[in-house]
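Q: What follows is the residue order along each chain.
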Amino acid sequence: MASPEPTHFVRRRLFDTSFVLFLALAAGSGAAVWWLKGEEVFWRSLEGDATLFARILPQMIGGLLVGGFVQVLVPRDLVSRWLGRESGFRGIAIATLAGAITPGGPIISFPLVVALGAAGADIGALVAYVTAWSAIGLNRIIIWELPFMGSEFALWRFLVSLPLPVVAALIVRRLPVFDFATAPGAGRRRAGGE
Amino acid sequence: MESLIFVWSVAIVLGFITWRRSTFRFREATLGYAWQQAFVVLPRMPIALVAAGFITELLPQETISGMIGADSGWTGVLIATALGAIIPSGPIISFPIAIALYDLGAGLPQLVAFLTAWSVFAVHRLLMWEVPLMGWGFCWRRLASSLPLPFIAAGLAALVAAVR
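In order, the protein sequences belong to chains F and S. Everything in the first sequence is counted per the working numbering, starting at 9 for the first residue and increasing by one. Everything in the second sequence is counted per the working numbering, starting at -4 for the first residue and increasing by one.
Keep in mind the hints are simulated off the structure, nothing from the lab. Here the structure is a predicted model, which means the values were calculated and not measured. No residue lacks a Cβ here, since even glycine has one placed at the ideal position from N, Cα and C. Heads up, a few of these hints could be off.
Said to hold, decoys possible - Calculated from the model, a selection of chain F residues having no Cβ within reach of chain S, i.e. all distances over 12 Å:
| no. | residue |
| --- | --- |
| 1 | Leu65 |
| 2 | Ser88 |
| 3 | Trp90 |
| 4 | Gly96 |
| 5 | Ala101 |
| 6 | Gly128 |
| 7 | Ala143 |
Said to hold, decoys possible - DEER-style ranges, computed between Cβ atoms:
| no. | chain 1 | residue 1 | chain 2 | residue 2 | range |
| --- | --- | --- | --- | --- | --- |
| 8 | F | Trp42 | S | Thr18 | 47 to 55 Å |
| 9 | F | Leu86 | S | Leu37 | 24 to 32 Å |
| 10 | S | Ala157 | F | Gly158 | 33 to 41 Å |
| 11 | S | Gly68 | F | Leu183 | 26 to 34 Å |
With the hints as constraints, model all of the structure from the sequences given.
A: Spelled out as structure tokens, the structure:
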């Protein structure tokens, strides 16, 4: 299988709708705090945010760099080679591991799932992959969870979430069979585009 | 502090390996991937934090901690799961909310349920990526098999909280 084109540079403007929405939400809630709770609470809240931001920022920059390096170090077709070959419980275990280490956002992982499904991979393994990528994805843990929630929380949440991909995979295998040829992305994929 | 040292140690080691392999790859990783994401995330993150901080001040803390506090049990887990499942946004919003919930007195199992539900159900990701690419046939099966997951994670987290 040809490796996917590097289309995951999401071109976004700095000041788009979501940015304006965030700003409006912050301004609105800030005004409400000033009005309802008083000036003192307003400044105390901002001070708390500044402390939090100063703690999060250096960790997050480190996390973003780790994410970037992993993205160029892990070969793009490694995960698909792993997932395509195995089935059964071994397939679920490998899919869980692959999901946890897949870097980047849905723009990388979902086209992969479509391609593997169309190529005949087991649905249990694919659900395990998506669940692992979302619940125990190391990329998100390093960039977001460690800076925001701290290492102790992140570690415990990671450990208690380890069984989740396996559980989801075992359940989905008992549901009515799904034909991947009917997936909307399957045809488009084979036509060579995203 | 430990996580800061950990993250930067990993970054330096991986950066060194990447640099040794190819300086072009190094530039792609730093100025390409990392910078692209930082460009989107870093201006928004402080604003999301400020908004979450103000909203935390406005919400009635006792009511919230009664609903999803450490003593709220499975009802609290259910509420936290529902809350996590309906957040139609990425980590820029959900992690400030997680911090706000923590400040409002959410318990460990409830916080785990919130983050698990947000990760595995992810409404925005489902509508933008999963349904268009995989179709409802795949999506409902994955969602159905993921329904118990926040409760399993929260149950295990409750065991951890009880043991410690």
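Q: All hints are to be evaluated individually against the structure, with a verdict given for each.
A: Hints, verified against the model:
Its closest Cβ contact with chain S, about 8 Å, brings Leu65 of chain F to no more than 12 Å, contrary to its assignment away from the interface. Even its closest Cβ contact with chain S, about 15 Å, leaves Ser88 of chain F beyond 12 Å, as expected for a residue assigned away from the interface. No Cβ of chain S comes within 12 Å of the Cβ of Trp90 of chain F; the nearest lies about 20 Å off, and the non-interface call holds. A cut-off of 12 Å between C-beta atoms confirms that Gly96 of chain F is not in contact with chain S; the least separation is 17 Å.
Look at Ala101 of chain F: its CB is around 17 Å from the nearest CB on chain S, clear of 12 Å, so calling it non-interface holds up. Taking the minimum C-beta to C-beta distance to chain S, about 14 Å, the non-interface status of Gly128 of chain F holds against the 12 Å cut. Taking the minimum C-beta to C-beta distance to chain S, about 5 Å, the non-interface status of Ala143 of chain F is violated against the 12 Å cut. The beta-carbon spacing between Trp42 of chain F and Thr18 of chain S, approximately 51 Å, falls within the hinted interval of 47 to 55 Å.
For the pair Leu86 of chain F and Leu37 of chain S, the beta carbons lie near 30 Å from each other, so the given range of 24 to 32 Å is met. With their beta carbons about 20 Å apart, Ala157 of chain S and Gly158 of chain F fall outside the hinted range of 33 to 41 Å. A hinted range of 26 to 34 Å for the beta carbons of Gly68 of chain S and Leu183 of chain F is consistent with their spacing of about 30 Å.
When the structure is compared with the earlier hints, violations turn up for hints 1, 7 and 10 and for no others.
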